Structures are given as structure tokens and as C-alpha cells.
Amino acid sequence: MFVAKNIQSDHKDLIHDVAYDFHGRRMATCSSDQTVKIWDLGEDGEWHLTANWKTHSGSVWRVTWAHPEFGQVIATCSFDRTAAVWEEMVGEKQHDGSLRTWLRRSSLVDSRTSVTDVKFAPKHLGLQLATCSQDGIVRIYEAPDVMNLNQWSLQNEISCKLSCSCVSWNTSRIHSPMIAVGSDDTNLSAGGKVQIYEYNDSTRKWNKVETIARIADPVYDLAFAPNLGGRNSHLLAIASKNLKIISIEPLRRDSTLSGQSGLTKFELKEVAEFNEHEQQVWRVSWNVTGTVLASSGDDSCVRLWKANYLGSWKCIAILTGDGSPQETDRPQFGQLQGNQSAGGDRSVGNAGVRNLPSGIMNLRRNTGWPSFNTKKDQSNVML
Amino acid sequence: MKVLWSPTKSDFFLTYSNSSVYLYQTSQGAVELNDGTYATRLAENSEVPFIKCVAWSPAKLEDNLVAVGTANGRVILSNFGQKADNDLDGREFVPKHQKQCVYLFWNPLDHNLLAEGLDKHSKDCCVAIWDINAKTGGDTASLERQRYSSSTSDINAVTRPYVEIGHGETTTSFSWFHKEPKAFVTGMSGRLKVYDIRDASKPHLFAQTKAVYGVCADPLSDSRIASFSESHIALWDTRSFEKPLLTLQETKPVITIDWCPTRRGYLAVLCKDSSTIKLFDIRHSVIGSEELDPVITERTVQPKKLSSISYFSWHPTFENRLLTVSPDGELRDVQVYERMPLTFASNFHFSWACGKKVIDLYFEDEEIDISIKMKNRALGGYGLCTEDPMQNALAVKNEPHLYGLWSWLTIAKDIIAQEEFQSKTKGTPSTWEKFIGVKNLLWPDNTCIGGQRSEMETVTWSYPDGSRGNTSQENSPIYKYTSPLRSRALQLCGWDYKREARDSLLGLLASLQTEGDFERAAAIALFNLKIGKAVDILCQANLPNGNAVAMALAGFTNEKNALWRKTCANLRHSLEDPYLRAMFTFLSSDKENFDEVLTEEPCMAVKDRVAFACIYLDDQKLWEYLKNLSQELKEKGNLDGILLTGASQEGVELLQSYVDITSDIQTAALAAIYCMPSEITKDTRISTWIESYRILLDSWRLWHQRSKFDIMRHILDSNIRVPTQAFISCNFCGKSVACNMTLASKVRPYMMSGGQSTQTKQRLTCCPGCKKSLPRCSICLMNLGTPSGSALYLQKEPSDFEEKLSSYGNWFTWCQTCRHGGHAAHIRNWFQNHSDCPVSGCSCKCMTLDSVGQLSAQSE
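Protein chains in written order, with full-length UniProt numbering: chain W, 1 to 383; chain R, 1 to 860.
These are calculated hints, taken from the structure and not from any lab test.
Be careful, since some hints might not be right.
[As the list claims (entries may be wrong)] Pairs of lysine-lysine residues, derived as DSS-like cross-links and limited to a Cα-Cα distance of at most 30 Å, are as follows:
| id | chain 1 | residue 1 | chain 2 | residue 2 |
| --- | --- | --- | --- | --- |
| 1 | W | K314 | R | K357 |
| 2 | W | K314 | R | K304 |
| 3 | W | K12 | W | K123 |
| 4 | W | K314 | R | K373 |
| 5 | W | K241 | R | K304 |
| 6 | R | K373 | W | K306 |
| 7 | W | K265 | R | K636 |
All of these numbers come straight from a predicted model, not from anything done at the bench.
Generate the whole structure from the sequences, applying the supplied hints.
Here it is, written out as C-alpha cells:
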């Protein structure tokens, strides 16, 4: 059911982000070694390194792909206080024989501090980019001419007052443009760490419509779920001290109260909260339909979550974070646990197997609704 | 109890207490380090009394050579009794006076140097650096001392340190620099001092501070130093040593701190009586910035709950691995994971990074997610068969609700076709609204008032012996309601549908029997009062308790036989199939009131319940029942409800709640374009499903399926018009070369076909507006519009060319960047082997410009 591959990244330092393009055929990784690497999925089903270049003069925090309609374009952001837009161009043969190079199309240098996140807007909003930085400012850039990526105009600067760590666009086509911003400020009394902004077409401004006060702990990542079915409420996954899924439902615009401002009112509901990562949750990501959520946390596990037909979210799989084949001189900790499904026909491995064939990972899968007892008594940080 | 990893062997570590040193190897063994990780105790050295500190030699040649510092200041080398080529084992280093040994550190590069810290003793030095290869014994001073000391033999002892520093001072901590092996930093008498042993007379850097404990130089960045005092941790940079760059405040007294040797900027801090180790990631803290407080990421590691840690040791080579020990000697092996970024791809790839590694996962199991299911369905051609919706039903045969939806569409479509045929033959316009739901059919205004009027008839049983009941003889007659609309509703439910068969009901029963659905067949027969048929069906079925049920049915008479009823009631409870149960409920219920059958058997298919209701419920009750049922199904997002709502606004609501629950926008989009009238498909919800589905297909690179979907949309709704996206204009007159061509305008304007007839072929070589000739093909140099010729085809296998290609080969094609082009077949052939433009002198890399083309080429 899972086919796992270990990719030798050859990054010299920590990898901070991985991103797939629209089709899932290309992957970009960025690292503290200041480089970005591009991987293409070959016909052989393997990932091939096709580009590797130094992008910044500091750790590269995030990388993200633009919709292919705009070309082969990525954006990066870095500790060096800049964000950059890169385009793959076909030109003269490079020294390594490839015809393709990635050119820096634009450097966005408005931030005076580390730029912690960068995200392209959903395609229907044109070629827009949101960045957020440590000094608490979210910036919205736009390329007015999609054929000219050298020109990016700073459309809006939103001051969030708190050090920002992450930003996410709502992809809904029905609702007016919306972003959520997370803050990793550690001061618990500094207020809610997730803020939601909505774009007002008539004033051309982003207005703060919500601060999620109940999230006082630092937030390291957040993500709006893709809303393909046009569901009225939007789901937002938040990686903080625990994993939260919040539903944000726009209520009818109250024309009498909000008057000219036209602010949408929202009803916020906590759909799910999970402490299974036991400590800090670092990252969250939704699948293409917004039906499966993945999270990673301090317990060194990647967990997959899914809602049942009643809308209640459950863990469907736990993957141990280190997918490496076990080194021989290092005792292996994770014994594979067979699938607990009724048939048992899909078991990934047998308990007690000590030496795995390379490429197979420590997988634990719970079908049906899981019992977490297996992990409860383990240490927080596992081998 | 303290713990140390071996600096040379990745699987060795030692622990030591006041009296013994134990050597361990991680492997399968008796000592549990973590779940599934074990170690074996290999050796023990308890000959040295009053152990104060232990240091492990970094020399690769010396197996497990450790230096043990004792309470009287002696340092003893030990290799746990292994045989060695040298005589280092047992060698002692004896300071002038007996003072407690405070610390021991081997020089990381000059493996013969060993630094020892000594308690204060008048004017004596407090830091002694020993050369382990120095001459032993023989020195008069030491012989002199031997007389006063109680030790037996100091033949193998070194008494003169290589370097002595800090006379009359107190030292608390020490650290060699890793890249400048002659230099070290030490906490001494309220100062941090940096010395170089080549000139040990005075420190060449010092700073006044209280934080003189636990000083350690970052192995990955020599200028960075950390030290602590009580509960403060100070970070230093040797390039600006006057004051700490940063101080961190802890709530409890700090026991020990250490830099991670494998990961930049990780400082581990252990506080007193703590079950956690704190990790400070100072790598990206902007120190010295005016604008910002330095941001330090803090993490905690808890090897075991409720168990305090007395000491820890970073593994020298394995990334982020450390070993902790509790006061009672319990060991835990801990791996600290980095933040793992992760991401999903549209094509079910999922990857995350762990440190410097990337792991890519590929999901194949449909059970994991609807998106995988949707893609597989799309690949199977689901929803793309316009003529026969039943084909779509067969594509999702194992998903009952979807199957039901498409069967309903099939029936409804057939009925529409019949109606249209009839209205055509009769010449009257069809009154049948397309894809109407049962509820709207019966009550078009969606209210009970002024709705349809049904006639009540009394009906009788047909008994197993073939006789019919006599109405007048019955104690309680059965009332059935009929109206033209009700029979249409029954058609929609499938109970009265196959018109061509003489008896539609028998046809339905026969097909159910062939499908093996005997219970349902029997129940439908019974509900239509054909008790004899029901008994026949059950007898043939060979069901587990079919015969018993058949017997019971056969014994039924309409007289109120108490015993029979009681037995039936008992039998009913033992039955699992809802249809079998429903049969008995039907038989034993009050003949004017069949609500029980509907309320007690909600597991029957919606269409059967609705059909039953359409026969036996009076208008008022039927309205209530259908209203409640459709509301319930709508809320549950149960697609079966489409039977009731039909392609109405309510139907959209039903689909929406189905989508909200399942995220199956595919079925919703397909159903909407199949049956929803065009005024409803303008609904934003429907356009959202359609758009989302198209984007999904695009992201899976199912472009053909996407195009077919679009084509189907146009077939089913002729109101949708796609504007011309591009046309070829003449270089001279600027008019479209296609728009005034009668033949070409029928096909897509920008893709001209030249191979249709000889007449047009000749005319196509020039612009129809100004009669100037069209550009030439860059390969064959003929004017475009001419056939591309068949010579090229012959070089290839004939099977390579499908029938369509011959006309496609004549089409115009060109590079959007350099505007060079020609016949499609020629250009295609050219770019199979070239990436450059075929026009000489043009440096355009036409082929490589097309990223989408490359993506599709890869998938082929």
C-alpha cells in the first residue's frame, strides 16, 4: 500500500522544506546549505536530480511552486532576509550538459529580517505571492504581467505585530481572497497566534477578520485544506503545541453592523485536536482533495489523519520519521507491526523482523480506528 | 552515575560511578537502552577507588583507553585489561600534592595530551596537562614523594606535567578548541581564560564572569563557547570576548551543558532534578540586532517520563543521538529528530525530509483516500459514456450508492426517451419534466395542498394455489392507492419499468432472481400481493432459512390466526435480511396501516421503500413520508435520495451534502452535467465541482479525460459555448485563413484539415482572403496547405500511424517562440531527434520549451 523510497539528497545541511509541483512530477528541496535542488520523476519511477544551485546567502526556509500555467517557476525565502522568484529557462548548454538553468527573476528585498515563509496564491488570483517575516510583516506581491517575472510589485504590507512563521492561502474560488498567518512568538500572553485576513476588493486592502485567541502557543505551520467541493466552511490545520483543525465558516455579511467595511463575520469551530505528537507539532500538509492531513512532530513521527463520514478525524497511519534502512551497527528499534485489519492481508511486515530489506520503512498502520496505547508509554523522542 | 560515548567506536560507551567504570557495547544484550535497543556490558574496572572523572582517549589506535581521575589527583590509564602493544594500561600521572581531580580532557588532535583540573592547593597549579608518553619513574622528585605516599609502586608513573597553569587559582571547567588543538578555554577564579599551551604563561583572552562552569567550545564552530553558573547559561564568541553574546535563564540549577557535535548550533542543557534535556537551537538567532530579540528555538527531550536524568552524552558521529543516564543507572538512548517538513503531491506522492534525507512515499491503496479512487475511476472511463449511463454504473459496480445513482439515471433517461417517442408519434408535446424526482413528480409545487388525488382501490391476494381471494369474503380488505402519477413514480423506482416485457413486474422479479437477489424479489412479489410467486422464489432460492420462510408464507391466510401470527413474529426476530423481515411485518400488520413496514425496516433500499409507500400510503401519509425521507437522505448526503429530489434545486443540495461528506466531486460533477438542467448548472456549487474536477484531471495529467469531459458537457448542454481560442491570420491581409473556408470552419478553426478532398487541398495553399500563398513548411519547403506527402510514413512501421494521423500530418504547427513551423507530421518527426528549430540559423530550442509536452512525453 505504501511504496517508500529514500532519496539521497546530498544536501550538506538540514532540509527545511520539500515541495511538489502541480503535477507531482517535480520536487524541490531547500536546505540550510543555501541551495535548492530540483528533482524530476523519471520514467523509471525514480527521482533524478536535475538542478542544484545556491539560492541565498543563508538558510533557505521554504520553497514553493507556481502553477505551471505561469511557467516552471519557484519561489524561495531565506534567513538572508530575502525572498526570490526563480524560473527555469532553456538556453545554452551548461557545463554539466543540461540545457536548463534556473534564473533568478526577482529578489524581494523589502523585509529587514528573516523571511520565514513564501506561498503562491491560488491560480485564480493571478500570479501573486505572500511572504511573511520574523518582524511580523506579511507582504503580498503581484506580477502584473505574467509574462514578465522580473516585475513584482508590492501590493500590500500587513503588520501582524507578532513574529510570523507561516502563511497559507485559502484556495476557495468562491470566497474572497483569504490568508491565515501563524506566529511563533513564544510569549503566551501576546495573544492569539493565528490571524486571518481577508481581501476587500473595493478598498483593495487586507483586513484582519479573526484572531484565534485560543491558540496562545507558538504556531510553526498552518495550512488551509483544499476545498474542491465548495463546502461553505474552510478547514485550517494548525501545527502548534498540538495539532488542531479549525473550521472557519463565513456567516452572512451583516450589512447593518459592519456598514461600509463589509467585513465577513466568521464562526470558528474546533473540529479536531490531537496531542498524539505529545509535544510540538512542526508541520502540516493536506492532500489534493483536502481529505487527508499529514503532520510531523517532536515525537519523530509523521502521522496521517482522515475524517470518517461523521466528520470526526482519526489517525490512519503512523510513519516513523527516519525512513532509512537500518544500519547494521546500530540496533534497530522499530519492529514492524502487522496490519490490524480484519483480513490481515495487507500487513506491511511481520513483528519481529529485525533486518529489513533496504528501502522498506518502519511503518505502522492503523486501519479502522486506532489504538494509541502502543505509543503512549514510549519516550517522547524515539530512535 | 555518568555516561560517555566512545570517541572512536560508534557502538561503545561507558558508564562510571565513584567506584567502577563499566564498558558497554550496543548490540543485543541485557541492558535495555530504548524499546528494542540493547547493550551488553563488556568489561568492568573497579580497581580504582574514588573515581572523580573519566575521559576516553580519542586515539583510534588505542582500544578503549580511558583516563580515570581520582580523589587524590592521580590519573590512571586503563584499557579494561585488553592486551596492548604499549604499556599505557595502568600508567599513572601523579601531581605534586594530593588534590582532588576536577576534570579530565584529552586533546582532540594531539592524542597524547591530557588535561587535568585540580582542586586548589596553596600555590600549586590548578591545570596540569600531561603528556602520556612522557618518561615514567626515574625522577628524583617522584622517588622522594613515594616515600611519603602510601602507594606501593610508582614505577609506571609520570610525575611531571607537560604544562602547568594557574598557580594558586581554582579551576572549575575546561575545554580544548577543536580546530586549534594547542588552545583551550578554562573557567578559573571568576574568569573564563583562553590559553595557548605554546605560551602558557598568561591567557591571551579572558572575560570576567560568574559563568565559569561547564565551559565548552562548539566542535563545529570554534569561536562559539558556552558556559553556565547556577541557572544562567552564557554564550560567548572568542572574537568578541568581553561579554557574553547571550544569556539564557533556566529555572533550576544547571548540571551540565554540551554542544551537539553533529549538528550546528544545538546546545543541550540538563538541569537538576529534571526529566528532560533542553535543546537550544541558536543557529539562526540574530545576535546583536537592534530590532529584534534573538529568536532561539527551544526543544525538550524526555527520554522517559518521571525519571530524572543525571548525565548525558552526545554521540560523536551519529546525528543528534544522545545517551542519558538516570541517578540509579538506567540508560536511555535518544534520537533527536529535526523538524520534518512534509508535503503531499496531487499524484499521491507524499514526501518528508528528515535531517538531510528525503523520503518519498507513494500511495496506491484506494482505501486511503477518495482522490486515489477518483483517479482510478477516471482512468476506467467513469462518467464518460453519454449514450448509456448504465456503463458508468458498471464502472462503479462495487459502490452501491454510485451504482444506484447511475441506474436511476439510466431508468430516468429511458423513460424520457419513451416519452419523447410517444409525444412525437402522438404529436403532443411531452409533459414529462426531465430527471424529475418522485417527490416533485407527485407534488410539483412542493406542498401537500392541492396535490394529486389518488384513487383508493381494494385489492386481493393471489394465493399459492393460484386462486384469488374474494373481496367480499375478506375480513379486512387491502387498500391500494393508484393514480397516473403514482404509476410513473413506480416506474422511476424500477418496480414498473420494463415496458416492453408483458408484465413488467415479472420481468423485474426474473432479473432480480438471476442476480441472486432472492429476498428482494420475494418481498417485491409479496408487496404486489403475489404470495404464490413469493413462495416460488423462496423455494428456488436455496437460502439458509428460505424454506421455513416459504412455509410460513404458504400458510398465510387473511384470517386473523393468532398462533400463526405469534410464530411469525418469533421467526421474524431470527431473520437477518431486512426484506424477509419486511415480508412478515407486512403480513402481520394492520391492513389499513402499512407504516410499520416502512418505519421498522429502514434497511430496505430507498427505491423499494418509496415504491411501497407509493402503493400503500394515502396522499397525506405519502407526502409526509416522502418529505421526511428526502430531508433525511439530503442531510446524510445519501445519493439514493436523488430518486426523490431528482434534478432539482433540492437535488443540488443533496449532492452538496454528499460532496461535503465524501469529497467525491467527480460523481457530483458528472451527475450534475448529466441530469441537471442548464439553469441549475449555473449554480456556483455545481460550477465549483465541475471546475475542481477539471483541475484534478489536469493535475493527474489526464488531459484526454478532461477533454472528453468538456466535450461531454457540450453534448449534454448545448448552451455552453467555448470561444475560439486562436486562429491563423494571413501575413498579408491579416484575415483568418480558416474562417472563410467552408470546410475548415466546421472543424476547429486553427487546426486546418487539408486532406479532406482534392478540391480544397489545392485551394488551401493560399490565403482565401487575398490569395497570397501561405508560408512554407520548414522541412519540406512546400507551401503549407499542401499534403505533407506520404514518403516519410513509409520509412516507419505502418502501425506507428493511426488513421487520424494522416490528416493531422497536414495540419499547421509552429513554435510559439520562434514562429517557425510546418506540417505537423514533419515537425513531429524532426523533434523526435532534435531539440533545436529546423530552420537554419535559428537557435531556438523549440522542443525544450514545452514543459507540459515533456511531462506527457515522460508518461508515455
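Structure-based check of each hint:
{"no.": "1", "hint": "K314(W) <-> K357(R)", "result": "holds (28 Å)"}
{"no.": "2", "hint": "K314(W) <-> K304(R)", "result": "holds (26 Å)"}
{"no.": "3", "hint": "K12(W) <-> K123(W)", "result": "violated (34 Å)"}
{"no.": "4", "hint": "K314(W) <-> K373(R)", "result": "holds (20 Å)"}
{"no.": "5", "hint": "K241(W) <-> K304(R)", "result": "holds (19 Å)"}
{"no.": "6", "hint": "K373(R) <-> K306(W)", "result": "holds (15 Å)"}
{"no.": "7", "hint": "K265(W) <-> K636(R)", "result": "holds (27 Å)"}
The earlier numbered hint that this structure contradicts is number 3, and it is the only one.
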